[in-house]
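Residue numbers (full-length UniProt numbering), protein chains in the order written: chain D, 1 to 275; chain C, 1 to 346; chain R, 1 to 264.
Hints are supplied without guarantee of correctness; some may be wrong.
If the Cβ cut is set under 7 Å, some of the chain C residues that face chain R in the computed set are [claimed, not checked]:
no.	residue
1	A44
2	L46
3	R49
4	G51
5	P71
6	H72
7	L78
8	Q81
9	F86
10	F97
11	A101
12	G103
13	T149
14	H303
Far from chain D, by Cβ distances over 10 Å, these chain R residues were calculated [unchecked claim]:
no.	residue
15	F6
16	L212
17	T216
Read the hints as simulated data drawn from the structure, not as lab findings. For glycine and all other residues, C-beta sits at the position ideal for the given N, C-alpha and C.
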Amino acid sequence: MKTQTIRYAVRSSIALTGLLALAACGGSDSGDATGSGANSTATQSNSSSAPARTLTVFAAASLQKPFEEIGDAFEKAHPGVTVKFSFGGSSGLVAQLQEGAPAHVLATANEATMDKAVADSLISGTPTPFVSNTLQIVVPQDNPAGITGLADLTKSGTKVVLCAPAVPCGAASTSVEKSAGIDIKPVSEEQSVTDVLGKVRSGEADAGLVYVTDVAGAGTEVKGIDFPEAKSAINIYPIAALKSATDAALATEFVSAITGADGQAVLREAGFAAP
Amino acid sequence: MSLEVDVAVPERDVEVAFTVETGETLALLGPNGAGKSTVLAAIAGLIARSGTVRLDDMTLADESTGTHLRPHERGIALLAQEARLFPHLTAGDNVAFGPRAHGQSRRDAHTTAVRWLEEVGMTAYADRRPHELSGGQQQRVAIARALATEPRVLLVDEPLSALDVESAPEIRDLLRRVLATRTTVLVTHEVLDAALLADRVAVIDAGRIVDLGDTARVLGRPRSDFGARFAGLNLVRGVAVGEALRMPDGRLLHGLAEVPLTDGSPAAAVVAPSAVSVHLDHPHGSPRNSLAATVVDLEPHAHLVRVRTDVLSADITAAAVAELGLARGNPVVLSVKATEVHLHPA
Amino acid sequence: MTRANFPRWLLVPAVLGALLVAVPIGAMALTVDWANFGALITSEASRAALWLSLRTAAASTVFCLLLGIPLALVLARTSGTAATLLRSLVLLPLVLPPVVGGIALLQAFGRRGILGHTLDVLGLEIAFSTTAVVIAQTFVAMPFLVLSLEGALRAAGTRYEDVAATLGAGPTTVFTRVTLPLALPGLVSGTILAFARCLGEFGATITFAGSLQGTTRTLPLEIYLQREGDPRAAVALSLVLVAVAVLVIGFTRARPGSLSAGTS
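Isolated chain D, as found in the complex (with noise of 0.2 Å):
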């Protein structure tokens, strides 16, 4: 905790330093963004013969806990090497890079979003489809609005809450409704598949539509009703090495732990179909 505290303080010296230097020459080009905002994680290595290395990895909020846990296995066969992991939207994620945050790997929750990193040219390589999502209607465990498929979410009186159509999750919902020629009118249009999972679990709405690895990571306050139209929205997660990675081979091999065999025996586990 104490070790915690003092990397901060000597981390917003540094930023407060930079912000002199920044006026005292009056520069207008911007610093480097680090990945704030965006929960991270890292893994201690407890191996001691290797030379030390970081693996940084961007990756969507939804792979957190497969990850996290191929993370560890990557770690224990790579002796010296700490994976650190930043979680977040996959926009947000993406925006960072833009800013030049530092990192390894790039692995979002659909393909439109990893084409603007591709556009920007942050990606070395062509990306890999490594797993899919489908959508899933999600409601309250005792559904209280009778939920059974997609058409009930246009019932009046149903409250609603979808992703924002800007976030991958919304994108996702209003490709789904326009495939199934219908209209959901949401009481509200939430962030990020968390936020529609809370207002769900929390009973202040009526159904949402998230991804089917959410729902199952949700817990037992809220169940999932698959539906058909969903195939029409199959997301398609793609992961690739990143231009700036100091180490570019590292990179390579986590990418290959993802889409190596026991790396997708984990994210199926936590839900997640084959690409």
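Knowing the structure of chain D, use the given hints to seat chains C and R on it.
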């Protein structure tokens, strides 16, 4: 028809009882911290559970029955040490505040305010804000404001102590005029205020009344040692003649008038006993006032002896008493400088 | 500038402190896409968010006044343990993370909250409505008004109120004609602060009210959402909010402070 007060405020160790007749001014005289202001607060209703206050046949407060009229229901106005004019209102609106609160229309209240501002000589300042007025002017407006509510009783708390020496005599004169016919309780530590404004004086020491009586008697012949030390002051009433007072026995007492006196009008002279010296013969030299008198009594107090005569009292040392060989009935000559004799309208 | 009468070395941290605020704001102004600024801030979503923010902040400020003025008076004129506890309670939203406030509001006014059923019976649906936004804003902003006004009321004291009472003014007259006018500077700055806090409210709103264009998506929520969709719009809208904030601060500085003068 009177104000009956029987007040006890244990937390301030104040316990006093007195009656003020209608139209009379009673001064509560005592040093700072004697509990005088607490008594006023109790009469005004600003502190609760404080004893009994009756006005004519109306009970304003009675601890035994739990009666406690709130301040605005009592018809008692309070004039405090500081003027406490509402800073956000003009002088005129300050005076109109009470009449408005009593339900007068805006126009009637304005008329009332104009009348009272005229009464205190502040007509020209009606549109000024309090911070644009001097201390004396503020106190004048405060007096007008208190009187504009036509209070049945006026409570006056050290009205002059916050004023400079120039404006104090003028405000004292104004108070003397307006208090003449009003039922008033006046709190002061200035013996002069009590001497000039009060019909009767109650001397308060440590929360208790130690002497109560007509002003001239309490000041001239105090019954308590404390009263003698604190309140001792010669007060002589008579008629103004130039810069002098013609005493009832026809003799003149020369002095200084702080406000101009009209010849032939009633006036009072105030002389501190310490300013009076005692001789066996007419002294040589300058004193304007040299009066033959007869010793009535000799009262030791503190380290001095108060020599009471049929004219003025004098405070001299015990050694001087011995040297002069003073005793009751002795003829003496009193001398006092004219600058020590303060003349006031009465 | 007047002659400095403080240790010169204090200028270094002082300048640093000022830069900490100035550099990010300036950077935002520099990076904003000025060519499309007009289009970015006048999009339908932006206008809906700005209009909703202004409406809800105004309504919340009115509620802050209706509830906060009496609260401030009670706190300023009472003492003792109960008053201390009440003060701590009222000021709690000031130190609480707004998202915690949102969660707390859900537990009270949400559909499954302890008052939710009663409100349901009364036909009041608060969740996901503009009402929820106003409740959330009032919850977080009221302490600013109460704190500011209570200080002014304490400073004014009861001397003038006592005088007014002895002049025959009843408690209500004293309150409206003496107490409030004397505390006016504190009331004005408290109101402005509360309004500004309402405008900036985010955490409690997104937790308690949700986010829907024209109904619950206020300007801060719109900015947060645009970060995902169109970061240029987020920067442009942020600048609008900065402009509004600067106006509000200017208001506070320009307010007449002469009323408290001449209280002798």
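- prompt: Any hints this thing doesn't respect? Which numbers, in order?
  reply: Hints 3, 4, 8, 12, 14, 16, 17 contradicted; others consistent.
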